[in-house]
Amino acid sequence: MSEDNYLNAGYSLRSWFLTTDHKRIAILYFASLIFFFFIGGAAATMIRIELATPQADLVSSDMYNRLFTMHGIIMVWFFLIPSIPNTLGNFIVPLMIGARDLAFPRLNLLSWYLFMLGGTVTLFAILAGGVDTGWTFYTPFSTLYSNSYVVLAVAGVFIAGFSSILTGLNFIITFHRLRAPGLTWYRLPLFIWSLYATSVILVLATPVLAMTLVLIAVERVLGVGIFDPRIGGDPLLFQHLFWFYSHPAVYIMILPGMGVINELVSCFSRKQVFGYKFVAWASMAIAAVGFLVWGHHMFVSGQSLLASLVFSFMSFIVAVPSAIKVFNWTATLHKGSIHFDAPMLYALAFIGLFTIGGLTGLFLACLAYDVHATDTYFVVAHFHYIMVGGMVTAYFGGLHYWWPKITGRLYSEYWARASAVLIFFGFNLTFFPQFVLGAEGMPRRYHVYPPEFQVWNVLSSGGAVILAVAYLMPMFYLGYSLFFGRRAPANPWNAPGLEWQTPSPPPEHNFDTQPVVTRPPYQYSPDFEAEPQNA
Amino acid sequence: MTGWRPPLALVLAWFALLALLALTVTLAYVPLHAFNAVAALTIGTIKAAIVAAVFMELRARGPRTFVFAGAGLFWLGILLWLGMMDFLTRT
Amino acid sequence: MPDAVAPQFISVRHRDETAELGMWVFIATEVLLFGGLILGYLVYRHAYPAAFAAASRHTEIVIGTANTAILLTSSFLVAWAVEVFAAETRKICAGLLWAAIVLGMTFIVLKGIEYAGEYREHLVPGIDFNFKANEANGAQLFFVFYFVATAIHALHMLIGIGLLAVMATLTWRSPSTRHRAALHSTALYWHFVDLVWIFLFALIYLPGRSS
Amino acid sequence: MWREWIPFWHPGVSPHGGDVDLLFVGLLFASALVLGLLFFLLALFCVRYRASNAIDRGHQTSKSWHWEVSWTAASFVCFLALFVWGAVIYFQIYRTPPDELSVFVVAKQWMWKVQHTGGQSEINALHIPISRPIRLVMASQDVIHSFFIPALRLKHDVVPGRYQDLEITAEKPGHYHLFCAEYCGTEHSGMTGEIVAMEAADFAAWLTQQAPSGPLAQEGGALFRELGCSGCHGGGSKVHAPPLEGLYGKPVPLADGSFVTADDKYIRDSILLPRSQIAAGYEPLMPSFEGKVSEDQLLRLVAYIKSIGGQRP
Numbered sequence: 001m002s003e004d005n006y007l008n009a010g011y012s013l014r015s016w017f018l019t020t021d022h023k024r025i026a027i028l029y030f031a032s033l034i035f036f037f038f039i040g041g042a043a044a045t046m047i048r049i050e051l052a053t054p055q056a057d058l059v060s061s062d063m064y065n066r067l068f069t070m071h072g073i074i075m076v077w078f079f080l081i082p083s084i085p086n087t088l089g090n091f092i093v094p095l096m097i098g099a100r101d102l103a104f105p106r107l108n109l110l111s112w113y114l115f116m117l118g119g120t121v122t123l124f125a126i127l128a129g130g131v132d133t134g135w136t137f138y139t140p141f142s143t144l145y146s147n148s149y150v151v152l153a154v155a156g157v158f159i160a161g162f163s164s165i166l167t168g169l170n171f172i173i174t175f176h177r178l179r180a181p182g183l184t185w186y187r188l189p190l191f192i193w194s195l196y197a198t199s200v201i202l203v204l205a206t207p208v209l210a211m212t213l214v215l216i217a218v219e220r221v222l223g224v225g226i227f228d229p230r231i232g233g234d235p236l237l238f239q240h241l242f243w244f245y246s247h248p249a250v251y252i253m254i255l256p257g258m259g260v261i262n263e264l265v266s267c268f269s270r271k272q273v274f275g276y277k278f279v280a281w282a283s284m285a286i287a288a289v290g291f292l293v294w295g296h297h298m299f300v301s302g303q304s305l306l307a308s309l310v311f312s313f314m315s316f317i318v319a320v321p322s323a324i325k326v327f328n329w330t331a332t333l334h335k336g337s338i339h340f341d342a343p344m345l346y347a348l349a350f351i352g353l354f355t356i357g358g359l360t361g362l363f364l365a366c367l368a369y370d371v372h373a374t375d376t377y378f379v380v381a382h383f384h385y386i387m388v389g390g391m392v393t394a395y396f397g398g399l400h401y402w403w404p405k406i407t408g409r410l411y412s413e414y415w416a417r418a419s420a421v422l423i424f425f426g427f428n429l430t431f432f433p434q435f436v437l438g439a440e441g442m443p444r445r446y447h448v449y450p451p452e453f454q455v456w457n458v459l460s461s462g463g464a465v466i467l468a469v470a471y472l473m474p475m476f477y478l479g480y481s482l483f484f485g486r487r488a489p490a491n492p493w494n495a496p497g498l499e500w501q502t503p504s505p506p507p508e509h510n511f512d513t514q515p516v517v518t519r520p521p522y523q524y525s526p527d528f529e530a531e532p533q534n535a
Numbered sequence: 001m002t003g004w005r006p007p008l009a010l011v012l013a014w015f016a017l018l019a020l021l022a023l024t025v026t027l028a029y030v031p032l033h034a035f036n037a038v039a040a041l042t043i044g045t046i047k048a049a050i051v052a053a054v055f056m057e058l059r060a061r062g063p064r065t066f067v068f069a070g071a072g073l074f075w076l077g078i079l080l081w082l083g084m085m086d087f088l089t090r091t
Numbered sequence: 001m002p003d004a005v006a007p008q009f010i011s012v013r014h015r016d017e018t019a020e021l022g023m024w025v026f027i028a029t030e031v032l033l034f035g036g037l038i039l040g041y042l043v044y045r046h047a048y049p050a051a052f053a054a055a056s057r058h059t060e061i062v063i064g065t066a067n068t069a070i071l072l073t074s075s076f077l078v079a080w081a082v083e084v085f086a087a088e089t090r091k092i093c094a095g096l097l098w099a100a101i102v103l104g105m106t107f108i109v110l111k112g113i114e115y116a117g118e119y120r121e122h123l124v125p126g127i128d129f130n131f132k133a134n135e136a137n138g139a140q141l142f143f144v145f146y147f148v149a150t151a152i153h154a155l156h157m158l159i160g161i162g163l164l165a166v167m168a169t170l171t172w173r174s175p176s177t178r179h180r181a182a183l184h185s186t187a188l189y190w191h192f193v194d195l196v197w198i199f200l201f202a203l204i205y206l207p208g209r210s211s
Numbered sequence: 001m002w003r004e005w006i007p008f009w010h011p012g013v014s015p016h017g018g019d020v021d022l023l024f025v026g027l028l029f030a031s032a033l034v035l036g037l038l039f040f041l042l043a044l045f046c047v048r049y050r051a052s053n054a055i056d057r058g059h060q061t062s063k064s065w066h067w068e069v070s071w072t073a074a075s076f077v078c079f080l081a082l083f084v085w086g087a088v089i090y091f092q093i094y095r096t097p098p099d100e101l102s103v104f105v106v107a108k109q110w111m112w113k114v115q116h117t118g119g120q121s122e123i124n125a126l127h128i129p130i131s132r133p134i135r136l137v138m139a140s141q142d143v144i145h146s147f148f149i150p151a152l153r154l155k156h157d158v159v160p161g162r163y164q165d166l167e168i169t170a171e172k173p174g175h176y177h178l179f180c181a182e183y184c185g186t187e188h189s190g191m192t193g194e195i196v197a198m199e200a201a202d203f204a205a206w207l208t209q210q211a212p213s214g215p216l217a218q219e220g221g222a223l224f225r226e227l228g229c230s231g232c233h234g235g236g237s238k239v240h241a242p243p244l245e246g247l248y249g250k251p252v253p254l255a256d257g258s259f260v261t262a263d264d265k266y267i268r269d270s271i272l273l274p275r276s277q278i279a280a281g282y283e284p285l286m287p288s289f290e291g292k293v294s295e296d297q298l299l300r301l302v303a304y305i306k307s308i309g310g311q312r313p
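Protein sequences, first through last, are from chains A, B, C and D. Under this note's numbering, residue 535 is the last one in the first sequence; the count climbs by one each step, no gaps. Under this note's numbering, residue 91 is the last one in the second sequence; the count climbs by one each step, no gaps. Under this note's numbering, residue 211 is the last one in the third sequence; the count climbs by one each step, no gaps. Under this note's numbering, residue 313 is the last one in the fourth sequence; the count climbs by one each step, no gaps.
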């Protein structure tokens, strides 16, 4: 494999840090995200160790508050939101739609620099002494009472927000303008549809967060602001503005995962995705209706009862398209020819965990039960099932699926399957007990807790150890494969997608000849045995 | 040196905008109670529509640009509608 | 001048239309950026109508109106410049852009004068604020909104002025089709800044004038 | 420890606790059904259609309106039912409390201060008689807190800048957890307490054992004079200020022609923001007491004005 590809196109630092090649930018994002994932993961580990006993023994309360804030901020804005869109998306999108690059390659690079700048500022805030507001920055605590580096952290998130906006903008324009000849909307892979929906949210929700963060900074710096209850300001206004972004942001964190699962389920059942149009439009419906549900975070906050009623109703509505997707994935398996390769194991784990996360979401959408469950571990467990059980699992699945394309190497199937299974068990052991804790009434963000909750906390902490090991494993076998893995063929899964029709790793210019699309996506032949092609 | 004159549509739009500005300031001093706010925002919307249609050339663009321009406004509507709903219906 | 198109595009037209569409998406983002502030304004105007009217009467309507007229005119000039963008009229085009920039700077200067006046009248929350006691709270909320909104708008103005200056210089030197697309996007941005001001003007300066 | 560890289940002890528990069981049941069906199908398909199994895979369908419409409709109907169920109970939980036995709760970093109308005060504890609705009037002195009693399946945020009414009833005597559920700073997890629900007789005995510094209203009366309120609002004052006797609970005509009921919130607002709602026929002369009175003192003043509510002016 001596041919030219994007990896050997240049070895200088300049060729990486000033690149406008979407594939290299994806790699830059990938490396940065691993770094942030480990910081966030380290904080999570400390939290779980501390919670193994009811008393405070490892860290002080101030430190504990800083840990969970750091865990939240890093994981949400510096891992989950950019995870699939900016690594797998950046790499695969132009290949999938037969384009030479994204529409605005320099904007893409700028987006990475903004991301890193935001990350650096946030890390600086953490190193300087930390932030203790929780990732939600609720006023008036964050503006008038917290003695920590709120403005700095807010600035970091603000900058990273613009990185998100630029990515979303770039994707939307790319999907509209750069599709290969013949690639009509309904011939697009569902991964593209889900990224389109994600981008809509990125572009339309993030600016509201940006403004809200500015208002926090203003209030903190001036000592007076529009959320200040002392001058008649309403702290609930902050919550409305914050959740207008942050609830749709939850869909930013799951839609790309759903998109990956479509690709995996289809490939490893060697079948078209069942109900393509329904799945495609379900993504768009989630993006749209997802904007109408934010008030379900505020059922006990004192917002008007009518508002609670409307938001609860909308929250149930938004669950419908998610249910449609789950049913369609299951139906895709029917009469398939199912291969249990590592990516498929991740996909199956995703379906299970996402469904549990989704169903427990209904508990929280349900007004009367939410009064009991909100701000308890029930919520913590619920969103970890969606974001970690869902998004991170999908991320790993997609990473394994496209690993041969990205690196040109094959990883160890044995270890990959082992880690998939271990992640599934470790995850459930960590987070299922938290549902019980929440139903029992243990509030979240508690550093010390009544002793009767200990049993479940110990289980959860034990699971966290397994989960941590399971998340470390891919580091080793994927890292090993980079240097010693077998060379990957262009199309190891014998998949019909455009990204597989170019060598692995792809050349700098993606395709030697402009591909032309003549048929719908997911036209799989039953087997992995490749027909002789590219010979 | 041909064609340096501004198109008539631009000039008309400009005059219309300045006229509307004068109108809205005048109306602000006429006691109309609740309708002062309505008048101010209606005239503001008309001015915005003129800027969008003529200066931003939206009238010469296809449906896709309309959708993109409209999406921002539509979501702004969601934010204001559901956001205000709470504050208007508190007991 | 040969006009190389980046490899992801098929043609000049493809590239230019894509750039314009990108600017529209960016404008949609910007609408929501100001949207958050406007929600805050509406909520508090609903809660403290009298205080908002009183606070609004303390703003400088003469400067506000003049600034609106200035901005509308500069928008008109930029739209005109887009229409006459061509090699043979490049100097006229650049001149129009410079005129728009001068108007933009005038806007900023007037805004500064207004800020100074408000500082003298003790209307700056957090630094020096003093208002009739029974309406102080609502008025303070109004002025927090006022300063944040106008400052962010002014920041957009400064960015716009910078972009226009770059475009004016480029147009003066050698207009090409690439510059036409860039000018078009810049103009869209400038008009958007104008649009935002139209609404800020109605929300900030007009309420409470008749009572 | 007063509460033995029982796996998973502590029944709710409030009147609606049973409803919430039933709702929870209903949700669990529905979820289990869906999850069971899904896992069964996943397992079935995975085994039956594994690649190595030579089985008839003919007549594949890639889409079916029939199926799509049915499961969309089915999910929708189920969700709608759950929505209505949850909403009905929610309105019971948060119904506006009748003017029952009132207890004042002030939340501040990081404690719950409780004031009974008789003047008895507690910190991080709340004694209540069972089977009797108690109206809590809650206020926060600093940040947002959340009053959470898991055993009553009840929670409400306490937002600074306003009073929050909440009705609680415990039906069984016992000690129950009180948590702060909204993150409020360093000692958030230390902002816990206990709810002690007692038989009515025990509660009465408990009240008498406490050494009240004086009934709340009486302390409020003292404050009323101390702060100079009586100088204007007292009888025989030269200043033209509205008399407060007989005010509580009555509609007050305002200068702008509207009416407002003189409830806790109105009195609180009138002390802090006196000129926001001017009573008809009076000059807006009263200075604001914002920053001059604490939430504790406000509660006492409100209690005092309430106590003179029955008197004729």
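Source of the hints: derived by calculation from the structure; they are not laboratory data. Incorrect hints may appear among the rest.
Listed below are the simulated DSSO-like cross-link pairs for lysine-lysine, each with C-alpha atoms no more than 27 Å apart in a straight line [what the hints assert, rightly or not]:
| hint | chain 1 | residue 1 | chain 2 | residue 2 |
| --- | --- | --- | --- | --- |
| 1 | D | K172 | C | K132 |
| 2 | A | K335 | A | K277 |
| 3 | D | K113 | C | K132 |
| 4 | D | K113 | D | K265 |
| 5 | D | K292 | D | K265 |
| 6 | D | K265 | D | K108 |
| 7 | D | K265 | D | K172 |
| 8 | D | K292 | D | K108 |
| 9 | D | K265 | C | K132 |
Evaluation of the provided hints:
no. : hint               : result
1   : D/K172 with C/K132 : violated (54 Å)
2   : A/K335 with A/K277 : holds (20 Å)
3   : D/K113 with C/K132 : violated (35 Å)
4   : D/K113 with D/K265 : holds (19 Å)
5   : D/K292 with D/K265 : holds (18 Å)
6   : D/K265 with D/K108 : holds (19 Å)
7   : D/K265 with D/K172 : violated (32 Å)
8   : D/K292 with D/K108 : holds (17 Å)
9   : D/K265 with C/K132 : holds (23 Å)
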